[in-house]
Amino acid sequence: MIGAWRKVALAIRLGCTALGACSAAQHEHARSLPKTLETMCDESTASVVGGTGTAPHPAAPQPTNRLGKPLIAAITGAPATTLLVYDLEAGRVRWRTAVDASARPQILADLVVTTQGPAMLAFDLGTGARRWAASFDRPVWLGASQAGALVVFATTTPTRDPTLRGSTLVAIDALRGTKAWQRTFAQAISRPSCMADRCYVLSDHHDLLVLDARSGASLNCTTRRQTELEWVDASDRAGLLVGASAPRAALAAAPQRVADQASLPETELPGQVLFRPSSYVPIPAARSAHGRIALLGPLLPGPNGARLAGDRYYSVFYRDLFAHAADGRFVWARLLPSDVVAAAADAAGLVVVTEDGAVSRFDADSGAQRQTGSLGAAISSADLDTTQAAPVPSAAQTGADLRRSLTEIALDPDMRTLPARALAIEALLAAPEAAATADLLAIYQHDSTPPALRERVVAGLPKRGVGTEYLIDALLSHYDFLDDSRPPPLAAIVPALVAQKQERALPLLLDCLFDPNTTLANLGLLVDAIARLGGAQACAPLGQFLSLYHADSAFAQDATALALAARAVASCADQEASTLPARLAQRTDTLPGLQNELQAMLTDSVAQSSPGAAGAHGLQPTAALPATLSALAVQHTFAEHAQDLRECILDELPRVPTLTAVRIAFVANHDGSTSAVHITPDTAELRHCLTQKLHSYRFPAFRSGRQLASYVVTLRPNAATSDPTSGTPTDTSETFWTLSQTRAAGRTKIPSAPPWWLNQNPLYLSVDPPARAVRSAAAAAASQTHEAAAAPVVPSAAPAANAATTQPPSTPSDARPGETARTPADDTWWLPAQH
Amino acid sequence: LAACCVGGALWLRSSSATAAEPARRAHSAQAETEQLCAQLAKPDTTAQALVLVQRLAETRSAAANACLVQALLAGQADAVTDLIVDALSETTEPTALDALVRFTRHRRAQTRGHAYAALARARGAAASAWLEQGLRDSDAGVRALAARALGEHGGASALDSLLRALGRGEAEAAIAIGKLGDAASLQRFAAYLGKQPLDVMLAGYQRYLERTDLDRATKLHIVATLEDITGEPVRAFMQSLLARPSIAADAQLSGALRGSLSRLRHAGKPAAAAAAPRTEPSR
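Chains as they are written, first to last, in this note's numbering: chain A, 627 to 1461; chain H, 911 to 1193.
Honestly, the hints are just simulated from the structure, not real lab data.
Incorrect hints may have been included.
Unchecked claim - To give a feel for the contact side, a few chain A residues facing chain H, derived at Cβ under 10 Å: (1) His-1104; (2) Asp-1109; (3) Phe-1181.
Unchecked claim - Here's a subset of chain H near chain A, in silico, CB distances under 7 Å, partners left out: (4) Arg-934; (5) Arg-935; (6) Gln-986; (7) Ala-987; (8) Asp-988; (9) Arg-1046; (10) Ser-1048; (11) Arg-1098.
The structure presented is a predicted model; accordingly, all values stated were derived computationally and were not measured.
We treat Cβ as the ideally placed atom computed from N, Cα and C, and that holds for glycine.
Work out the full structure: start from the sequences and follow the hints.
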């Protein structure tokens, strides 16, 4: 199972970013970077007082609050009206109080804090009595942390206006509510996290500032230009942990520790989740996505640095819970009746609060519910301080239990959880138990399973080395109205049987071939599989099939299966079978579509090759084709014919110097041909030129009958003259789309469309400004030479983040006679989507 | 003598010609069949193929049937296929029956329907097992045809399948059950009251009541059951039954119907829950 998942090092590094120990190399690197952002460290360097103080000694795992009880602070109802604190150990609500809260409550050492309008409210943790309120000026309250007798909180003004932008840190006496100190920053800062007498704050994703909690004075500051810091979590329990913004990457730092590195496997966890919530994002009291998608791993100091407590980490996706071993293996999974509001992991397992107010503690090893409770009301947001020290010994969940849980998650009709359902399917595909194959077939056949998940099953089943018996048994199922049974999921079964060379399945496959409930799309797959698995044995039945239906209207719309059968029998040794296609080609009643295929096949010497190669001769089983023609496939095809389009548009430009774009709309037929071409602008010459060329193109075949498609050729001023950022495509390390692409590398969410950063329009024309173009055209007309083509216009393929989707840029060798050769850099500058 | 000789010769010639005529005709028919068969193997048009099939079917010979089976298995245009299947209903030859059974799994539902109908015509009650298979078909038309054919040709053994088909919403099964079911089947049939549309159930009850092989007590029990259902559709149904000669002739049964009608009119009971909404049978 482990081998199926990519392992990506998620650096949990200790010590490197420690303050006084911050390496010179990092500062060196920071200095070498362009100063696009004003860093906090620049202004605070003078105030660095040096030293890092005493590294906290990690305490025994237990709740951080002074009561030492596992507590949950929650806001109930919508709108949020009640704040309550629940004692998980006692299984009861300690107190509740009415408050029109606007921020998620936070459990501090002595207090529970939240906000109401522009004021932070503090309640006694033990009694719920309101201690004090502290007003703030900035619109966003990020959160608070307690350092000894002081509560430090951050507020910020999130705006691009530099005159308004900024943040404020305020320290309040926890007992009296009086202000101890206040600091203002020009940057966006994170919520503070305090440990002993230190408070840690991130700024603008790159700086880590250390403050003296008592005075607010800066103790140290470090900038990490290459790593976006997204969260900071300092506690006596685990030391200082700082997280990067890359999905699931965690950069942990503990002062004055020797750097160490651990790794967590990336198991295609659903959602782009961080190991801790972003410290920059305010969490509202009302129902929100916060907490519903989370990656949770209890990090504890170990002999060599940080380690996962209990060797478990968890992912939460709305109602789905997954527990993983440190090596990425699935340990258990659960589908909850309600969305998760907040969860906390510790060595003993996972504590989860759900929207319906239920509280559950799941055992780390078995996933069993060790503790349950109810907050007595629907919950909109919550904060947990429930760390439990010792895990309760328990038996690990069995493979059958895990399969059952994963199947339940995969069959959950909640469309929000699609990535989690995909993850469950991947886990089942990797499961060593043979019975998982039956589960996967059931998932494939279930009405609630969307096509994207079915495709995952289809793609994964051939790679499974176990459970073949379940595949063959599934072929015994047939449609039966009285029994309410369905035909077998051939699209999932057949490719797997072929991949595993299961010749014993041949009789059952033949039965399906003559079953009227086998769909046309699956018939193509079946014929191909029978030809591959059956060899000479397949000749007679395929011949019967071909002969029986060669004139039947059942195949009038799609004769692919018959054509595949014809190719298979044509290469049979048996004379009667091998001559059948030729005989059918001569019959007047043979279906026109089949007739064409037969004629083409008879003139094609490839038809003499082995039956097993039936699918390789230009014909594909229909089921193997995509359902529709994708935009990417359209782009690919146009990119292949860039030169053709270039010629037509070059001819049009002298006639229409103001031409900026050409739109080609057409109907793509399922066989890849085109019809009903419409060109905009609709000039006769351009239409004639492009239509002729388009009719000669062949797009990839697809299953659905016909489809509207369009493509826009954009003409842009020459990049070299208009865009200073033009350059080689690789020189985009600082661009926002590259960043998005990098961030998405580990994304597992099934995309519904090509990523936005992929060039949606890989082909464009890079032209000189219109005036130059007109002059050039006039010169061309006057000279009657090829000089007109001396590069007033240079169409080329646009660069794209993904080079595989685009045509390479023009090269000097591509230049037409008389055309000025241009370097790729002349033509390349980024084009966003134009569709 | 000469006259005798001539007369004898003429007699001999005449008698030998009389003896050779059937053989000659048979030979001629065989030759014609072979010719038609050869043409059917490579017809120029579908219309021509249809004419050839028609002519072959009219010969009713074993050779013609064999030729039709061969042509059927070799694959034909839709109309030709269906015509051959119909034509094979006239024979009971095993090869033809095998072909018909095979075509009950044809890809086109229309051809499957033709095959089931042909089997029912060809084999009568012996086709019951195949027709029961027809109740399992994915096409509603084929299922309805199979149910009707079972109603005509099926035996009590088909009741189980018909009742299951009724439970799955196959309306024609109710009529077939009414035609085939015995007194004991009534209780199982009545179990679908309230689950299947009332008009479907009433159609089944009508067939029960029209039967001559069912005893009067059973029919009176049906009338009592209908009275319990109540409602305007039941009153209209009872009224229509009284107009039927087969029922009107039975004084006791018609009397019971009139009595029920009278009570229903005066009671004015609300419509019973038996009227399940009419739904399309699911596939």
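Results for each hint:
1. Satisfaction of the interface hint for His-1104/A is found here, the shortest Cβ-Cβ separation to chain H being roughly 9 Å, below the 10 Å cut-off.
2. At a threshold of 10 Å, the smallest CB-CB gap from Asp-1109/A to chain H is about 7 Å, leaving the interface hint in force.
3. With a cut of 10 Å, the hint placing Phe-1181/A at the interface with chain H holds, because the nearest CB-to-CB distance is about 8 Å.
4. For Arg-934/H, the interface hint is violated, since its Cβ never comes within 7 Å of a Cβ in chain A; the closest pair sits about 35 Å apart.
5. Proximity of Arg-935/H to chain A is violated relative to the hint, the smallest CB-CB distance being about 33 Å (cut-off 7 Å).
6. For Gln-986/H, the interface hint holds, the least distance from its beta-carbon to any beta-carbon of chain A being 6 Å, beneath 7 Å.
7. The interface hint given for Ala-987/H holds, since its Cβ lies 5 Å from the closest Cβ of chain A, which is under the 7 Å cut-off.
8. A distance limit of 7 Å between C-beta atoms decides the matter here; for Asp-988/H the minimum to chain A is near 5 Å, and the interface restraint holds.
9. Annotation: interface hint on Arg-1046/H holds; nearest CB of chain A at approximately 5 Å, less than 7 Å.
10. Checking Ser-1048/H against chain A: minimum C-beta separation of about 5 Å stays under 7 Å; hint holds.
11. Because the beta carbon of Arg-1098/H sits about 15 Å from the nearest beta carbon in chain A, more than 7 Å, this interface hint is broken.
Violated hints, in rising order: 4, 5, 11; the structure is consistent with all others.
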